[in-house]
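Residue numbers for the sequence shown follow the numbering used here, beginning at 46 and rising by one.
Please note that a few of the clues may not be correct.
In the EDC-like style, the derived pairs of lysine to aspartate or glutamate whose C-alpha atoms are separated by at most 16 Å in a straight line are [claimed, not checked]:
| hint | residue 1 | residue 2 |
| --- | --- | --- |
| 1 | K141 | E88 |
| 2 | K376 | D142 |
| 3 | K187 | D142 |
| 4 | K184 | D142 |
| 5 | K56 | D142 |
| 6 | K339 | D142 |
| 7 | K113 | D142 |
| 8 | K182 | E217 |
| 9 | K113 | D79 |
Simulated restraints, written as ranges between beta carbons of each label pair [what the hints assert, rightly or not]:
| hint | residue 1 | residue 2 | range |
| --- | --- | --- | --- |
| 10 | G115 | L306 | 47 to 53 Å |
| 11 | R344 | I378 | 40 to 46 Å |
| 12 | S82 | L303 | 27 to 33 Å |
| 13 | L92 | L281 | 47 to 53 Å |
| 14 | V60 | G337 | 18 to 24 Å |
| 15 | L379 | L281 | 42 to 48 Å |
| 16 | L92 | R344 | 51 to 57 Å |
| 17 | K376 | E341 | 22 to 28 Å |
| 18 | L281 | L94 | 42 to 48 Å |
| 19 | Y375 | R288 | 32 to 38 Å |
| 20 | F356 | G95 | 44 to 50 Å |
| 21 | G95 | Y370 | 32 to 38 Å |
| 22 | S138 | R282 | 25 to 31 Å |
| 23 | G95 | G117 | 19 to 25 Å |
Hint data in this document are derived by calculation from the structure and do not stem from the laboratory.
These numbers were taken from a predicted model, which means no experiment stands behind them.
Virtual Cβ for every residue (Gly too), placed ideally from N, Cα, C.
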Amino acid sequence: MAFSREIRSFKLCLVLLFGYFLLFMGLRHQVGADWYSYLAIYEHTSLELGNIFATDPGYGLINFLSGKMGGGIYLSDSISAALFLSGLFYFISSLKDYRSIALAVANGFLVLIFAMTANRQAIATGILMAAYALFSKGKPLKALATAVAAVFFHRTAILPLLVLGTAFLIEERDRLRASHLVIFFLSILASLILFAVLFLPHWETFMGNYVLENRVESKGAYPRILLGFVSAALILRGVVIPRGGLALWNVQSLFYVLSPLMIPLVGSTTVDRLFFYFYPLQMVAMSGLVRGVKGEAARRLVWLSIFTLYFMVLTVWFLFGSTAYGLLPYKNILFGGF
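Starting from the given sequences, assemble the full structure and let the hints guide the process.
Structure representation (structure tokens):
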């Protein structure tokens, strides 16, 4: 009886937090380093249905529908926030225990900064988090199908789609059948088609915005990459053993371990942005770390230490981050933010 009350209380907290974050993110005004860039995208893609392909088509369609309903950029931002938050909270709900740590890790950067700056990639990340949860629940086919949808909101989501495909093969290796191989190769084919249709036409823009321009070092990227690296090491060394989807978390961990080798090639900022797709790895590792500590007092100390660490990461970013100006001061249309 006490356990069921605890579950109901947790679900109520998630509902309230979902509503709070939805208003906080969706109705913000001139908040986010890319606010005016996304406003320009909205003004163009909301005019005609054919214009949705001027950006990632999933996001363009959101803007078009928002424009048709007269909701403006605020409805578009609210839909984007709802998609991201749905994936985030579904993922957190799928964790077995210490979900408060997972929420603190997500809130440390993913929610308050990333999701209010990079709308398209945030939606893709939310969809991928739902895919990760499905994979961890033993539903790899549904996970792959869900991950395909993420590519329509940000082209770079092809990378985590391939990671999921690889994890699928590893997970099913002992009971691998011809149908599994067909599904895997269809996923690869879908990725190639999506790459050709959605990515190649914008290759020069991608190289300019994500690689050549961002090869300049971003100091803020290193702490986030380091936290991911530590989380990956905890899983690969067996200190933390995820309760589901071990193949997925192992493959993601390998990517994190190799991340320092990628920085000289494409720059720390590019690695940082791409690895937001794998940010849930930190949520799994940190909540699992608390679970593995013996003794209630020691467990509480580790819980508090992780909570404090991510709070400090958020605080330092707001104090010294080069793009913190985009979120400060915070304005919302509910409170006279115009």
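Hint check results:
1. K141 with E88: Violated: K141 and E88 sit about 43 Å apart, past 16 Å.
2. K376 with D142: violated (35 Å)
3. K187 with D142: violated (24 Å)
4. K184 with D142: violated (20 Å)
5. K56 with D142: holds (13 Å)
6. K339 with D142: holds (15 Å)
7. K113 with D142: violated (43 Å)
8. K182 with E217: Between K182 and E217 the Cα gap is close to 14 Å, so the pair holds against 16 Å.
9. K113 with D79: violated (23 Å)
10. G115 with L306: 47 to 53 Å: Check passed, 49 Å falls within 47 to 53 Å.
11. R344 with I378: 40 to 46 Å: Holds: the Cβ-Cβ distance is about 42 Å, inside 40 to 46 Å.
12. S82 with L303: 27 to 33 Å: Because 31 Å falls inside the window, the suggested range holds.
13. L92 with L281: 47 to 53 Å: holds (49 Å)
14. V60 with G337: 18 to 24 Å: violated (29 Å)
15. L379 with L281: 42 to 48 Å: holds (45 Å)
16. L92 with R344: 51 to 57 Å: holds (55 Å)
17. K376 with E341: 22 to 28 Å: violated (43 Å)
18. L281 with L94: 42 to 48 Å: holds (47 Å)
19. Y375 with R288: 32 to 38 Å: holds (37 Å)
20. F356 with G95: 44 to 50 Å: holds (46 Å)
21. G95 with Y370: 32 to 38 Å: holds (35 Å)
22. S138 with R282: 25 to 31 Å: holds (27 Å)
23. G95 with G117: 19 to 25 Å: About 20 Å separates the Cβ atoms of G95 and G117, which means 19 to 25 Å holds.
Going through the hint list in order, the structure does not satisfy hints 1, 2, 3, 4, 7, 9, 14 and 17.
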